[in-house]
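At position 323 of the sequence shown the residue is numbered 345 (our numbering), and the sequence of numbers has no breaks.
Just so you know, the hints here were simulated from the structure itself, not pulled from any lab data.
We put the beta carbon where it would ideally sit given N, CA and C, even for glycine.
Treat each hint with caution, since some may be false.
What the hints assert, rightly or not - The calculated lysine-lysine pairs, modelled on DSBU-like cross-linking and capped at a C-alpha distance of 30 Å, are: (1) Lys738 to Lys700; (2) Lys826 to Lys730; (3) Lys106 to Lys34; (4) Lys274 to Lys106; (5) Lys109 to Lys755; (6) Lys38 to Lys189; (7) Lys826 to Lys738.
Claimed, not checked - The following label-pair restraints were derived from C-beta to C-beta distances: (8) Gly100 to Ser757: 20 to 28 Å; (9) Ala118 to Gln915: 24 to 32 Å; (10) Glu897 to Ala685: 56 to 64 Å; (11) Ser144 to Asn635: 33 to 41 Å; (12) Ser913 to Gly944: 36 to 44 Å.
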Amino acid sequence: MAKGPPCPANEKTPMKRVVGYFESSGKPRRRCHTVEPEDIPIGVYTHINYAHAHIDPESFRIFLARLRDVSLYRDVTGLKKRNKNLKVFISIGGWAFTGPGLTRETFSRLATDPDKQRVFFSSLVFFMSTYDFDGVDIDWEYPGAPNRGGRPEDFENMPVFIANLRKASQSSGTGRTGVSVVLPVAYWYLQHFDIKNIAPYVDFFNVMSYDLHGTWDKTSKWAGPYLNSHTNLTEITEHLGLLWRDDIDPAKVNMGLAFYTRHLTAASLDCMEPGCIYDIAEIMDLAEQPGPAAVLDPEAAAKILQRGRQWVTYDDETTWHLKLTRARELCLGGVTVWAVSQDVSSGRFSRELQAATGYSSPGSAEYDMGNGEMLQTAVGETLTDQCRWSGCGKECPNGYLAVPRREGSRMKGVMRDPTGCIGGQTSVFCCPADRNMPWCIWSDFNNGRCGKENQSQCPSGWSEIGSHSLACRSNSHWQVACCAATGDFTDLSIRNYAACSWQGTPPKCSFDKGTDSACNNADGRQYLMDSYGGSGGAQCSGADDSESPRAYCCDVDSQSHADWGDSAGLAQASPARRQSSDFATATGTQFTIDGETGYFAGSNSYWISFLTNDADVDLVMDHFSSSGLKIFRVWGFNDVNSESNQVWYQLLSASGSRINTGANGLQRLDAVVASAEKYGVKLIINFVNYWDDYGGMNAYVKAFGGTKAGWYTNDKAQTQYRAYIAALVSRYKDSKAVFAWELANEPRCQGCQTDVIYNWAKATSEYVKSLDPNHMVTLGDEGFGIAGGTSYPFQFSEGVDFAKNLAIETLDFGTFHMYPESWSVDSTNFPIEWIKAHGAACVAAGKPCLLEEYGMTTNHCGTEAPWQKASRTTEGVAGDQFWQWGDQLSSGQTHNDGHTIYYNSADFKCLVTDHVAAIKSGN
Numbered sequence: 023m024a025k026g027p028p029c030p031a032n033e034k035t036p037m038k039r040v041v042g043y044f045e046s047s048g049k050p051r052r053r054c055h056t057v058e059p060e061d062i063p064i065g066v067y068t069h070i071n072y073a074h075a076h077i078d079p080e081s082f083r084i085f086l087a088r089l090r091d092v093s094l095y096r097d098v099t100g101l102k103k104r105n106k107n108l109k110v111f112i113s114i115g116g117w118a119f120t121g122p123g124l125t126r127e128t129f130s131r132l133a134t135d136p137d138k139q140r141v142f143f144s145s146l147v148f149f150m151s152t153y154d155f156d157g158v159d160i161d162w163e164y165p166g167a168p169n170r171g172g173r174p175e176d177f178e179n180m181p182v183f184i185a186n187l188r189k190a191s192q193s194s195g196t197g198r199t200g201v202s203v204v205l206p207v208a209y210w211y212l213q214h215f216d217i218k219n220i221a222p223y224v225d226f227f228n229v230m231s232y233d234l235h236g237t238w239d240k241t242s243k244w245a246g247p248y249l250n251s252h253t254n255l256t257e258i259t260e261h262l263g264l265l266w267r268d269d270i271d272p273a274k275v276n277m278g279l280a281f282y283t284r285h286l287t288a289a290s291l292d293c294m295e296p297g298c299i300y301d302i303a304e305i306m307d308l309a310e311q312p313g314p315a316a317v318l319d320p321e322a323a324a325k326i327l328q329r330g331r332q333w334v335t336y337d338d339e340t341t342w343h344l345k346l347t348r349a350r351e352l353c354l355g356g357v358t359v360w361a362v363s364q365d366v367s368s369g370r371f372s373r374e375l376q377a378a379t380g381y382s383s384p385g386s387a388e389y390d391m392g393n394g395e396m397l398q399t400a401v402g403e404t405l406t407d408q409c410r411w412s413g414c415g416k417e418c419p420n421g422y423l424a425v426p427r428r429e430g431s432r433m434k435g436v437m438r439d440p441t442g443c444i445g446g447q448t449s450v451f452c453c454p455a456d457r458n459m460p461w462c463i464w465s466d467f468n469n470g471r472c473g474k475e476n477q478s479q480c481p482s483g484w485s486e487i488g489s490h491s492l493a494c495r496s497n498s499h500w501q502v503a504c505c506a507a508t509g510d511f512t513d514l515s516i517r518n519y520a521a522c523s524w525q526g527t528p529p530k531c532s533f534d535k536g537t538d539s540a541c542n543n544a545d546g547r548q549y550l551m552d553s554y555g556g557s558g559g560a561q562c563s564g565a566d567d568s569e570s571p572r573a574y575c576c577d578v579d580s581q582s583h584a585d586w587g588d589s590a591g592l593a594q595a596s597p598a599r600r601q602s603s604d605f606a607t608a609t610g611t612q613f614t615i616d617g618e619t620g621y622f623a624g625s626n627s628y629w630i631s632f633l634t635n636d637a638d639v640d641l642v643m644d645h646f647s648s649s650g651l652k653i654f655r656v657w658g659f660n661d662v663n664s665e666s667n668q669v670w671y672q673l674l675s676a677s678g679s680r681i682n683t684g685a686n687g688l689q690r691l692d693a694v695v696a697s698a699e700k701y702g703v704k705l706i707i708n709f710v711n712y713w714d715d716y717g718g719m720n721a722y723v724k725a726f727g728g729t730k731a732g733w734y735t736n737d738k739a740q741t742q743y744r745a746y747i748a749a750l751v752s753r754y755k756d757s758k759a760v761f762a763w764e765l766a767n768e769p770r771c772q773g774c775q776t777d778v779i780y781n782w783a784k785a786t787s788e789y790v791k792s793l794d795p796n797h798m799v800t801l802g803d804e805g806f807g808i809a810g811g812t813s814y815p816f817q818f819s820e821g822v823d824f825a826k827n828l829a830i831e832t833l834d835f836g837t838f839h840m841y842p843e844s845w846s847v848d849s850t851n852f853p854i855e856w857i858k859a860h861g862a863a864c865v866a867a868g869k870p871c872l873l874e875e876y877g878m879t880t881n882h883c884g885t886e887a888p889w890q891k892a893s894r895t896t897e898g899v900a901g902d903q904f905w906q907w908g909d910q911l912s913s914g915q916t917h918n919d920g921h922t923i924y925y926n927s928a929d930f931k932c933l934v935t936d937h938v939a940a941i942k943s944g945n
């Protein structure tokens with residue numbers, strides 16, 4: 023066997039690369055010891071490979087292996103924010119990809135066809151840019167192997183494919199140029215890789231030097247049905263010799279290590295029954311059971327554990343040191359771990375591996391949190407004993423407790439603050455568990471009046487820790503969170519808050535002479551920072567009443583407070599509120615638009631997106647805006663199955679779909695968005711229609727097969743649906759005119775369990791948020807399936823559960839529609855019950871509700887005006903939009919479907935002019 027070049031074995035020499043795979047399949051499979059991306063310790067790995075994405079066997083575009091992957095993409099690539107040296111690759115393929123099924127020969131077909139490669143490379147570049155991947159890992163298992171869908175010509179085609187991949191990534195201009203290839207160790211599979219001609223085009227090889235033995239050995243005349251370790255250093259060394267025979271540079275080779283084992287059940291001394299895979303955390307659970315201690319096999323560099331007839335081999339810090347010593351002797355460039363997702367949430371085994379690799383990313387540090395818990399952070403993040411806000415949607419970290427809210431003699435939950443959070447989330451005020459808990463309250467609510475003479479402040483001797491204006495009757499009022507000491511002051515975790523405070527009295531509290539003079543009026547205080555919204559609800563304004571920053575000042579002479587620090591990813595102060603020029607948001611159970619929080623009215627127009635005269639679009643937007651309406655819901659779809667000369671947005675076809683960006687395509691929607699920006703109108707843009715108008719879900723069914731009820735789980739339909747979402751969102755994600763993205767118009771699934779729409783809505787909204795975290799996302803449903811009544815709309819027969827869907831974290835608000843005539847219910851009592859039921863559900867969820875569609879075909883004013891009053895006076899309902907807007911265009915009057923309310927008509931005065939006036943007056 024060929025030998026690699028000799029290297030001096032120096033255990034102090036860190037490995038250059040440490041690659042950890044994160045399995046998308048690992049999270050849902052494991053019932054315990056679940057590892058989230060944020061659990062991966064900082065500084066241990068140079069690369070994280072996300073496994074896996076797939077290639078569509080028809081279009082040859084990259085696509086998701088699982089719909090839930092999108093949120094995990096965001097979480098894994100988000101680790102780079104904490105470690106600037108980390109690279110994240112997307113691994114494409116895997117064992118299942120080349121198993122029985124439609125994708126079995128996809129790699130072979132791709133490698134032999136340059137045209138298919140160009141399509142794949144284009145989609146890959148877009149995919150990596152969208153999800154922030156730095157490179158691609160090709161996991162082809164295995165070229166040339168007839169039992170894995172391989173073809174003889176794969177040997178010659180694969181090097182050309184990898185060379186073209188490298189060229190495409192380098193010429194893309196994105197800087198996302200990393201390329202790695204997975205290699206087997208067994209000669210049976212490795213013989214079909216022309217590794218010598220692949221090597222020049224890859225950064226490194228990830229060698230699967232694990233899974234050497236398993237139950238498949240039972241039928242092998244070479245291995246036999248014996249108890250053998252799945253990882254064995256002697257065999258690994260021999261297998262690597264196959265690489266040296268082709269003069270592969272060892273610096274490009276990563277030795278494969280495992281965070282799992284394959285356990286075997288010994289039926290007798292010389293016979294076995296099939297076993298299963300154990301994650302390393304589960305091995306440790308097994309080791310804690312009564313029985314003999316694990317035994318080291320030094321030649322195999324593996325630990326052996328026996329429990330009854332259970333026979334398990336595994337790696338730990340001791341065996342990793344042995345294997346890494348050999349890796350250094352062979353001049354290997356690094357190691358690869360399958361899989362970091364099989365660690366435990368504390369990162370114990372990753373850190374044990376780190377002790378063996380010697381690698382620690384520059385810019386990372388480690389802190390002892392006590393009780394054996396270690397926290398790794400980026401340099402510059404320091405842990406202190408201070409209390410802190412957890413950050414939106416997060417609870418207190420290990421070693422901290424949520425601070426109780428105490429007002430009078432009663433406990434009222436814990437201290438929470440919704441400022442700056444979306445989707446009903448809050449931040450929790452957390453203090454070190456080993457310190458005296460401060461006494462904290464929310465002060466000056468005053469039944470919604472919030473404050474005394476427009477000012478809120480903490481009682482004497484108390485320290486302000488935050489403020490918010492949620493539930494206050496005016497945005498210029500706020501309530502304040504205050505804490506008081508309960509023990510030795512020098513040992514208090516709120517000493518920073520006691521030594522520092524926001525300068526000035528809102529609203530006239532800005533500073534305009536620079537930071538040096540910001541705290542001059544506070545004797546003995548020095549400037550620490552300034553913020554527009556660091557205090558929370560208390561805001562400052564300048565001479566022109568525009569928002570201005572407020573200074574945070576601290577005692578110069580006080581020795582009682584520690585330095586403020588960015589506390590390991592936790593919020594440093596109250597979350598900053600978005601400025602008035604930013605995107606629309608949900609603030610508790612209300613909406614915030616252009617800095618104003620409250621109730622907003624609007625309407626719908628399905629036809630405006632298809633107008634071909636831009637002057638008509640501007641006319642409508644001008645009328646809409648001048649009427650005092652704010653939220654305009656428009657169709658963002660127009661799906662066809664064959665091209666036409668009319669306006670269409672997307673052609674759906676099994677032979678290849680296409681998105682129309684031309685003059686009779688999305689340029690029509692461009693005009694709507696541009697006009698909305700011009701006139702200050704906010705748009706709800708939806709992606710698909712449940713009904714057949716303008717294509718709808720049935721257009722996908724015609725193209726890709728299946729049924730309308732099956733559309734939500736139809737992989738081909740969902741892949742193209744997401745492609746359309748990506749095109750639309752990327753086109754308008756920076757526009758402040760977009761109020762929210764809507765997943766569908768009135769999604770239903772008759773005869774389905776409610777989980778069908780719930781799972782689809784959850785996965786799709788997570789996908790949209792991964793593309794555009796700034797805009798809100800909503801479902802667009804009619805509000806069916808809700809407690810509060812017995813008539814048809816309250817029931818679950820349409821496969822919709824309003825409250826369950828509303829609880830989805832990535833849906834920012836709820837929608838409901840109301841058509842008593844169509845639903846065969848009365849138009850007087852039912853609407854009030856319907857509105858109140860949804861308001862109550864939204865209050866319970868901490869999110870706003872929007873009465874998104876409603877209408878009658880007769881007696882508009884007499885019937886619908888009471889609905890509007892009920893809507894604007896029901897807590898939890900933050901706006902309404904009548905169906906539909908009507909206007910006089912250059913081509914004539916717009917369509918009247920019986921529900922239309924025309925601009926400047928008598929019904930318009932009642933349902934728009936009077937309604938807007940009532941909103942402004944608070945009635």
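Cross-check of the supplied hints:
1. Lys738 to Lys700: Violated. Lys738 to Lys700 sits at ~38 Å, over the 30 Å cutoff.
2. Lys826 to Lys730: With a Cα-Cα distance of about 22 Å, the restraint between Lys826 and Lys730 holds, given a limit of 30 Å.
3. Lys106 to Lys34: 24 Å, holds
4. Lys274 to Lys106: With a Cα-Cα distance of about 22 Å, the restraint between Lys274 and Lys106 holds, given a limit of 30 Å.
5. Lys109 to Lys755: 26 Å, holds
6. Lys38 to Lys189: Judged against 30 Å, a Cα distance of about 25 Å means the pair holds.
7. Lys826 to Lys738: Holds - the C-alpha atoms of Lys738 and Lys826 are around 26 Å apart, at most 30 Å.
8. Gly100 to Ser757: 20 to 28 Å: 24 Å, holds
9. Ala118 to Gln915: 24 to 32 Å: 58 Å, violated
10. Glu897 to Ala685: 56 to 64 Å: At roughly 47 Å between Cβ atoms, Ala685 and Glu897 fall outside 56 to 64 Å, so the hint is violated.
11. Ser144 to Asn635: 33 to 41 Å: 35 Å, holds
12. Ser913 to Gly944: 36 to 44 Å: Check passed, 40 Å falls within 36 to 44 Å.
Hint compliance for this structure: hints 1, 9, 10 are broken, all remaining hints hold.
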